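Can you make the complete structure from the sequences, with help from the hints?
Read in order, the letters of the sequence shown are residues 1 to 305 in this note's numbering.
Just so you know, the hints here were simulated from the structure itself, not pulled from any lab data. Among the hints, a few may not be true.
Derived DSBU-like pairs (lysine-lysine); straight-line CA-CA distance at most 35 Å [as the list claims (entries may be wrong)]:
(1) Lys-205 / Lys-124
(2) Lys-276 / Lys-124
(3) Lys-276 / Lys-205
(4) Lys-271 / Lys-124
(5) Lys-93 / Lys-205
(6) Lys-170 / Lys-205
(7) Lys-271 / Lys-93
(8) Lys-93 / Lys-124
(9) Lys-271 / Lys-205
(10) Lys-276 / Lys-170
(11) Lys-93 / Lys-276
(12) Lys-93 / Lys-170
(13) Lys-124 / Lys-170
Given the structure is predicted, the values throughout are model-derived calculations rather than measurements.
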Amino acid sequence: MQSNQSIRLLSLARHLIRRTATQASQQTTGATGAGTGESGSSSSGTEQTTHFGFKTVKDSEKEQKVHEVFEQVANSYDMMNDAMSMGIHRLWKDIFVERLGPTHGMQLLDMAGGTGDITFRYLKYLANQANPQQRPSHVTISDINQHMLDVGRERARRLGLTEEQLPNTKIAWQCADAERLPFEDASFNAYTIAFGIRNCTHVDKVLSEAYRVLQPGGRFMCLEFSHLTNDTMQWLYDQYSFQVIPPMGQLLAGQWQAYQYLVESIRRFPKQEPFKQMIEQAGFDMVSYENLTFGIVSIHSGFKL
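In structure tokens form, the structure reads like this:
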């Protein structure tokens with residue numbers, strides 16, 4: 001009896017997953033590049049379209065919509081990260097920076113750096129290493145949203161992570177679009193982007209720009225929400241994501257729609273293997289990925305050789 005009940009529950013879960021996927025597909029008709037960050041033709045044929053969560057919008061509209069989302073959540077962003085992940089996001093970011101393995105002399109571009117979580121870990125990692133040769137290090141924190149950068153800069157001041165308090169370290173804050181970086185070719189030897197690439201309109205352009213600004217031998221690393229490898233666990237995670245996170249966003253931050261979009265954007269992002277292939281198509285070699293927490297997030301890594 002217990003076994004038959006488990007089978008029925010599993011069957012119901014799979015049915016709901018298929019139904020959700022079908023509904024999402026219907027809502028995003030016209031975005032032929034959906035899930036990859038690429039655009040498709042609009043029904044009028046006059047402008048490309050892309051996805052904004054489960055909605056289809058014009059290419060020209062998505063950047064502004066994403067900007068508005070992060071403008072709304074900037075002040076509560078870190079608090080909501082703690083609440084939504086029960087603090088596990090801190091562990092994911094710790095592992096991410098450990099995998100990067102910062103060394104003195106590194107020139108890092110922390111793209112979509114927002115409130116500084118990755119940069120602060122990078123700076124603390126370096127501070128705990130001896131630097132007998134006094135090699136200078138550099139980090140540029142870049143984000144398309146100036147409000148997010150303002151929050152990050154103030155956090156850095158409060159934490160004592162500024163140029164005045166860190167010897168042999170240069171820190172720059174730069175508002176920039178990941179698809180059109182204002183930096184010269186081969187400006188950095190490391191590029192990180194954490195929980196940001198799925199919000200970009202053209203993921204392929206982001207990867208191409210990352211490749212361009214990296215020096216030969218430079219490393220690209222991406223930390224992003226991904227897809228669980230177990231159907232039942234994915235279903236349970238979907239229930240939490242769609243039924244709990246938007247109401248939580250309303251209660252804690254007064255923002256239901258912003259967190260509804262963030263949940264939907266996670267579901268639209270490519271799975272681990274297709275994203276690995278996109279990184280390779282951008283020119284990177286030795287591309288690999290590592291799942292964390294059963295694939296809720298993944299770390300993708302590649303080198304410009």
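- Holds or violated: Lys-93 to Lys-170, with C-alpha atoms at most 35 Å apart: 22 Å, holds
- Item | Pair hint Lys-124 and Lys-170, alpha-carbon separation not exceeding 35 Å | It holds: about 14 Å lies between the C-alpha atoms, which stays within 35 Å.
- Message: Given the hinted pair Lys-276 and Lys-170, is their Cα-Cα distance within 35 Å?
- Response: Holds, at about 32 Å.
- Query: When you check the alpha-carbon spacing of Lys-276 and Lys-205, does it fall within 35 Å?
  - Reply: 15 Å, holds
- Can the restraint linking Lys-93 and Lys-124 be considered satisfied, given a maximum Cα separation of 35 Å? 13 Å, holds
- Does the structure keep Lys-271 and Lys-205 at a Cα separation of 35 Å or less? 18 Å, holds
- Message: Next pair to validate is Lys-271 with Lys-124; report whether the Cα-Cα distance is within 35 Å.
- Response: 32 Å, holds
- Message: Does Lys-124 sit within 35 Å of Lys-205, going by the straight-line distance between their CA atoms?
- Response: 31 Å, holds
- For the pair we were handed, Lys-276 and Lys-124, check the Cα-Cα distance against 35 Å. Judged against 35 Å, a Cα distance of about 29 Å means the pair holds.
- Message: Would the hint linking Lys-271 and Lys-93 be met if the CA-CA limit is 35 Å?
- Response: Roughly 20 Å separates the two Cα atoms, so the pair holds.
- Does Lys-205 lie within 35 Å of Lys-93 when you go C-alpha to C-alpha? This hinted pair holds, its Cα atoms lying about 24 Å apart.
- With a cut-off of 35 Å on the C-alpha distance, tell me whether Lys-170 and Lys-205 pass. Holds, at about 27 Å.
Violated hints for the displayed structure: none, as all numbered hints are satisfied.
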